[in-house]
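Could you put together the complete structure from these sequences and hints?
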Amino acid sequence: MALRTSGPAAAARGEGVPGSPRAWFIVGMLVILMALNYADKLAFGLAANPIIEEFGLTATQYGFANSIFYVPFFIATLVVGFYANRTTTTWLLGVIAVLWGVAQISMVFAAGLGMILFSRLLLGGSEGPTYGLVNHAAFKWLREADRSLASSLLSAGGSLGVMIGAPVLTWLIVEHGWRAAFIASGVASIAWCAVWMFVGKEGPLTGAGEGKGAQGKAAEQGGAELDGAAGPEPAAAPAAEPGFWQIVRTPTFIAVSLAAFAANWGISVKLAFMPLYVQNVLGLTEHQTSVYLMVSQLFTMLCVYVGLAFLIKALMGRGVSSRAARGVLGGVCLLVAGVSLFGFVLLPLVPLKLGVSILGALGLIAFPVGSTVIGQIAPTGKRAGVLGAYAAVYGVAGVIGPLVTGLFADAGATQAAGLDSGLLFWGGLTLVCGVVAVAFTRPELDARRLAAGR
1 MALRTSGPAA AARGEGVPGS PRAWFIVGML VILMALNYAD KLAFGLAANP IIEEFGLTAT
61 QYGFANSIFY VPFFIATLVV GFYANRTTTT WLLGVIAVLW GVAQISMVFA AGLGMILFSR
121 LLLGGSEGPT YGLVNHAAFK WLREADRSLA SSLLSAGGSL GVMIGAPVLT WLIVEHGWRA
181 AFIASGVASI AWCAVWMFVG KEGPLTGAGE GKGAQGKAAE QGGAELDGAA GPEPAAAPAA
241 EPGFWQIVRT PTFIAVSLAA FAANWGISVK LAFMPLYVQN VLGLTEHQTS VYLMVSQLFT
301 MLCVYVGLAF LIKALMGRGV SSRAARGVLG GVCLLVAGVS LFGFVLLPLV PLKLGVSILG
361 ALGLIAFPVG STVIGQIAPT GKRAGVLGAY AAVYGVAGVI GPLVTGLFAD AGATQAAGLD
421 SGLLFWGGLT LVCGVVAVAF TRPELDARRL AAGR
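In the numbering used here, the protein residues as written are 1 to 454.
Treat the hints as calculated values from the structure; they're not laboratory data. Please note that a few of the clues may not be correct.
Here are the in silico distance ranges between beta carbons for each label pair [claimed, not checked]: (1) 320 with 112: 50 to 58 Å; (2) 352 with 117: 33 to 41 Å; (3) 280 with 168: 17 to 25 Å; (4) 145 with 83: 22 to 30 Å.
Keeping only pairs whose Cα atoms sit at most 25 Å apart, straight-line, the calculated SDA-like set for lysine to any residue is [to be verified]: (5) 353 with 336; (6) 353 with 332; (7) 313 with 298; (8) 313 with 145.
Only a predicted model underlies this, so the values are computations on that prediction, with no experimental measurement involved. Cβ coordinates follow ideal geometry from the N, Cα and C atoms, glycine included.
What follows is the structure, given as structure tokens:
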């Protein structure tokens with residue numbers, strides 16, 4: 001496949017213009033990739049009971065199998081993030097999608113814990129860089145004003161994957177055995193790659209500098225003409241870019257990384273243990289579990305990723321600062337999520353528990369908020385590496401979360417009591433990180449300090 005960037009002719013047609021229909025088509029393809037990403041992860045959680053029974057796993061062993069997924073996830077996120085600064089993201093996304101397929105299909109041959117761990121390691125290593133890469137790829141097509149919405153849509157892709165994957169994978173597990181679910185998700189990932197090889201393309205805002213270079217200038221000029229602007233202004237002398245370590249030491253980077261750490265702790269624990277909890281503790285059937293997951297993800301997609309994204313965009317359009325519209329709002333959502341977890345454990349009635357638990361999804365706004373804020377403080381040439389570092393920080397939560405929850409489950413007087421303790425720990429962590437996000441997410445201030453070389 002020829003990897004191309006948009007030139008003047010494409011800009012004249014609107015194809016290579018930031019925010020063009022072509023740009024949103026690329027975002028749509030990346031949303032589908034994120035949906036497949038979460039469907040792949042969901043398969044292991046939905047198949048938890050048959051896998052545990054077939055291989056005689058304890059809760060700690062099962063938690064370890066989930067945690068080990070995030071060890072190569074963490075490493076690959078860092079390595080590929082830096083590499084993506086120096087190459088095109090188009091082919092990288094195709095390669096990782098194929099590796100997902102191989103990892104999922106390899107589960108068919110599992111005869112014990114060893115093959116399960118191999119599959120989880122391969123899947124984790126190939127899925128680790130995904131979120132940073134899809135945001136980096138999308139941002140090459142979009143102006144800053146459109147990036148919050150795009151990042152939220154990309155995050156919503158995960159909810160879409162769970163919402164569609166839950167009933168489909170559950171049906172496959174119940175009717176055809178748990179291995180069928182892994183085959184289906186693996187084939188879907190490979191099919192996405194086949195389509196992407198024909199339609200994937202680099203955006204006009206490349207790492208050479210947004211709006212710099214012949215192609216970037218043509219794209220920006222084309223966008224200005226479409227917006228009715230007079231044309232490009234004379235280029236100012238470029239300022240020295242802040243270094244990687246300067247960026248990751250800012251309070252803003254630390255705050256959004258910790259917020260995403262809490263959110264990812266929740267995702268990893270929820271994918272691994274929530275199907276087990278609602279079935280073994282609350283008494284839901286497999287099909288009732290899939291309905292609960294669908295409703296939860298529908299709320300996440302419509303209210304969190306889309307609804308809050310439009311709210312943030314509207315607030316920014318009215319002149320509200322990024323600190324307030326993104327940092328404070330995102331932190332408050334984390335605080336609500338933490339409180340909802342305590343309600344899920346402590347409230348008496350199952351319907352009430354399930355209803356309150358859905359509010360926990362509000363904390364997931366931390367992902368698009370963090371990615372967009374990093375886009376504010378990191379220049380294009382450093383952005384992929386900084387996004388990779390951001391994803392690596394929150395990826396650590398995936399390593400720790402399922403293992404800690406499994407240890408809680410085995411250490412409790414009953415598995416239910418142990419899981420309750422693990423969920424309360426998750427709630428407390430979320431509250432702490434929410435406070436940090438509200439207090440220290442200050443992108444405008446940190447961007448000015450970085451620009452001044454401080």
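Do the hints match the structure? See the list:
For residue 320 and residue 112, the Cβ-Cβ distance of about 55 Å falls inside the hinted range of 50 to 58 Å, so the restraint holds. A hinted range of 33 to 41 Å for the beta carbons of residue 352 and residue 117 is consistent with their spacing of about 38 Å. At roughly 23 Å, the beta carbons of residue 280 and residue 168 sit within the given window of 17 to 25 Å. Between residue 145 and residue 83, the C-beta spacing of about 29 Å keeps the proposed range 22 to 30 Å intact.
Pair hint residue 353 plus residue 336 holds up; C-alpha atoms about 15 Å apart against a cutoff of 25 Å. Annotation: proposed proximity of residue 353 to residue 332 holds, straight-line Cα distance about 21 Å (limit 25 Å). Only pairs whose Cα atoms come within 25 Å are accepted, and residue 313 paired with residue 298 is accepted, the gap being roughly 21 Å. For the hint pairing residue 313 with residue 145, the CA-to-CA distance comes to about 8 Å; that is within 25 Å, so the pair holds.
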